[in-house]
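Heads up: the protein sequence lines correspond to chains A and B, in order.
Each residue of the first sequence is one higher than the one before, counting from 1 in our numbering.
Each residue of the second sequence is one higher than the one before, counting from 1 in our numbering.
Hints listed in this document are in silico derivations from the structure and should not be mistaken for laboratory results.
By construction, the Cβ of each residue, glycine as well, lies at the ideal position given by its N, Cα and C atoms.
Hints are supplied without guarantee of correctness; some may be wrong.
[To be verified] One side of the interface only, derived from the structure: several residues of chain A facing chain B at Cβ under 10 Å:
1. E130
2. G136
3. Q141
4. L150
5. K510
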Amino acid sequence: MSLLSDPRWGEALSHLPDYLGNHVRVSLAALAIGLAVSLPLAILTRNRPVPRAVLLALASIVQTVPGLALLALFYPLLLLAASVTLAWFGVSFSAFGFLPAMLALALYSMLPVLRNGITGLNGIDPALIEAAKGVGMTPRQSLVMVELPLALPVMMAGIRTAAVWVIGTATLSTPIGQTSLGNYIFAGLQTQNWVFVLFGCAASALLALAVDQLLGLIESGLRHRSRLRTALGGVGIAALVAATLVPTMARSSSGYVVGAKTFAEQYVLSALMRDRLQAAGLSATARSGLGSSVIFEALKAGDIDLYVDYSGTLWANQLHRTDIKPRAELLAELKTALARDNITLLGELGFENAYALVIPKKRAEALGIRSIADLAAHASTLSIAGDYEFFSRPEWAALQKAYGLQFRAQRQMQPDFMYAAVASGEVDVIAGYTSDGLIAKYDLVTLDDPKHAIPPYDAILLLAPKRAGDERLKSALQPLLGKIDIATMREANLRASGNDANSSPDAVAKWLWGKVGQR
Amino acid sequence: MPSKPAISYQKVTRSFGSLKAVDHVSLDVAEGEFLAIVGGSGSGKTTLLRLANRLIEADAGTITVEGENVQDVDPVALRRRIGYVFQSGGLFPHLSVADNIGITPRLLGEPANAIAMRVDELLELVQLDRTAHRDRLPEALSGGQRQRVGVARALAARPRIVLMDEPFGALDPLTRDALGDDYHSLHRKLGLTTVMITHDMTEAILLADRIAVMRGGRLLAQGTPAELSNSSEAYVLELLRTPRRQVERLNALLPASGAA
């Protein structure tokens with residue numbers, strides 16, 4: 001099948017109005033706020049060198065924070081703010097999605113606007129400011145009639161830079177729940193759907209380019225005092241914004257929101273649940289690519305209605321427990337703890353997605369290794385790779401302690417690449433996931449954990465507090481509970497890791513339902 | 001000399017740090033008079049000029065304009081009723097010739113059609129072609145044209161007093177001569193009081209009724225050119241001799257039957 005006739009282009013295109021509209025909306029709002037704050041600050045500090053220097057330093061520091069981290073930071077910050085306003089004034093707001101994304105992006109947009117604003121205002125010939133005074137202008141008239149118009153081209157260049165930065169960085173707002181063109185990129189990277197990745201990158205680059213060119217037109221119009229060019233640029237921007245916003249404005253976003261974290265299994269399960277709800281006549285959408293720390297809070301706050309998490313993850317991250325209990329006991333205790341937050345643990349899906357140490361089957365046989373205890377004897381000559389969080393998680397500490405593991409080297413890797421790396425011998429052992437389809441594909445084995453250092457990771461279905469008594473929802477989801485065994489999930493995950501039209505989360509979810517629905 | 005001076009400085013002092021830019025200066029400018037302030041760079045002549053419309057504030061002494069102490073007048077209102085011509089024009093580059101000229105009437109809230117008529121009147125007065133120059137930006141004008149616009153702008157709100165800060169200094173000699181003469185006739189025709197800064201004694205002698213000589217912040221001498229030639233100050237005499245000495249040198253260098 002040729003690349004161009006790939007049906008995934010069509011699927012990508014069908015998401016475009018939604019993703020693009022939301023991307024433009026959050027970028028626009030962020031820029032508006034950024035400008036509304038930065039321009040007055042630039043004006044206020046134009047004759048005050050000390051506050052000006054402090055301000056520029058602060059803006060520069062913000063700029064050094066990586067975009068992803070800045071966006072992620074705003075979520076807990078706003079959660080805290082929301083709980084404070086709830087306690088003090090009895091009102092709360094959603095710390096999820098639009099608000100944190102907009103605020104973080106607004107902060108991000110400030111440096112170029114501030115710097116160019118200040119440069120523009122300070123670069124004006126002092127003789128002209130003197131002349132403004134001399135012809136009888138008040139300081140305010142001098143600012144409005146002389147200084148701002150003269151600084152405008154330089155300011156506009158800063159606004160242009162800010163717009164491009166914001167549009168580019170907005171792709172990173174997907175993990176905190178803001179739909180954007182980043183949804184293509186995150187989903188594509190996780191499910192190895194390069195069509196989506198390409199589409200997302202191209203769409204955001206084109207958007208940034210278009211806005212940059214239109215703002216450039218306005219800038220050149222201002223610089224050369226051409227009303228025509230300024231007007232053309234303005235109309236172009238307005239048309240672009242209208243064209244992207246109108247389709248999303250018209251759409252109502254009511255109904256159930258199914259959350260998904262940022263990996264393939266979650267994309268597939270959220271698509272499956274969405275399909276089940278729709279089949280039961282409920283309106284539902286999937287909100288995927290949410291950060292693992294964001295998604296639980298989003299459920300608690302009711303920003304999403306349901307999602308699948310894993311018992312061991314909540315045990316460690318939400319209950320802050322480091323002890324390890326047998327599977328059933330841990331689940332029961334978790335259920336009680338979640339109920340205190342009014343979160344319903346509806347049930348287990350039937351499989352575990354636990355961390356496991358994974359090595360090629362041949363290698364295990366050659367070394368005579370079957371369990372982690374066997375591995376410990378060889379560890380000092382071996383290297384290990386894990387995902388970005390594994391080595392800072394309690395499981396790793398527990399493993400090291402229980403078995404006295406000391407590896408020669410440890411590396412962090414993008415989860416999708418770990419399996420190929422261990423299969424090719426680039427690393428010796430990886431900390432993989434038990435439900436991953438690549439384990440079978442690369443002929444790898446998971447090592448036993450005789451000392452039970454790694455807690456159980458049952459996939460469990462959670463419902464938001466506001467859905468606690470929603471029987472229609474519960475009965476729509478009932479057919480999934482206990483029906484998805486590890487072999488089926490592995491196969492589904494393997495399918496999702498393919499790079500063709502049948503590997504899209506939607507297609508795999510349908511396949512999975514075909515298997516599960518008959519049980 | 002009429003009883004009430006247009007501008008009066010009484011023992012005025014202004015320092016910048018330890019530098020006394022204007023040091024105990026007392027000077028009257030009579031109504032209808034054309035006064036030139038002459039002096040080298042850093043002599044305090046620009047500071048003295050700007051004290052009159054409060055672009056710079058005095059540390060000590062009293063300044064009155066048309067009988068009023070400038071400290072009792074709102075500085076913005078004061079500046080709107082005194083014309084000011086800046087060195088090399090000081091035109092706003094983003095405004096057309098017409099908008100530059102009409103700026104002070106606009107600040108005073110005059111109606112747009114009245115301003116438009118006034119602009120046309122002023123363009124004629126400073127001898128600029130209305131259709132050719134009205135809507136141009138300053139960057140499209142020659143240096144002489146820009147300074148004509150600067151003069152028109154200073155006159156737009158019908159001031160009785162005009163302050164000029166080396167208005168013709170940066171122009172080529174021919175333009176400068178013509179502009180000086182043209183302004184001088186405007187000064188007479190409109191009955192203005194003009195204070196002009198120049199570092200060129202020849203220009204001062206040719207245009208001004210009286211000359212004030214500044215040096216190191218002090219007013220060394222004031223009077224008509226004839227009065228100044230009786231001064232006891234060597235610097236003043238030296239200044240006065242300069243134009244004549246230049247003429248002698250020119251005569252020696254050029255054939256007597258030259259075109260001029």
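Problem set entry | Structure versus earlier hints - violations, ascending order | Hint check: 5 fails alone, others pass.
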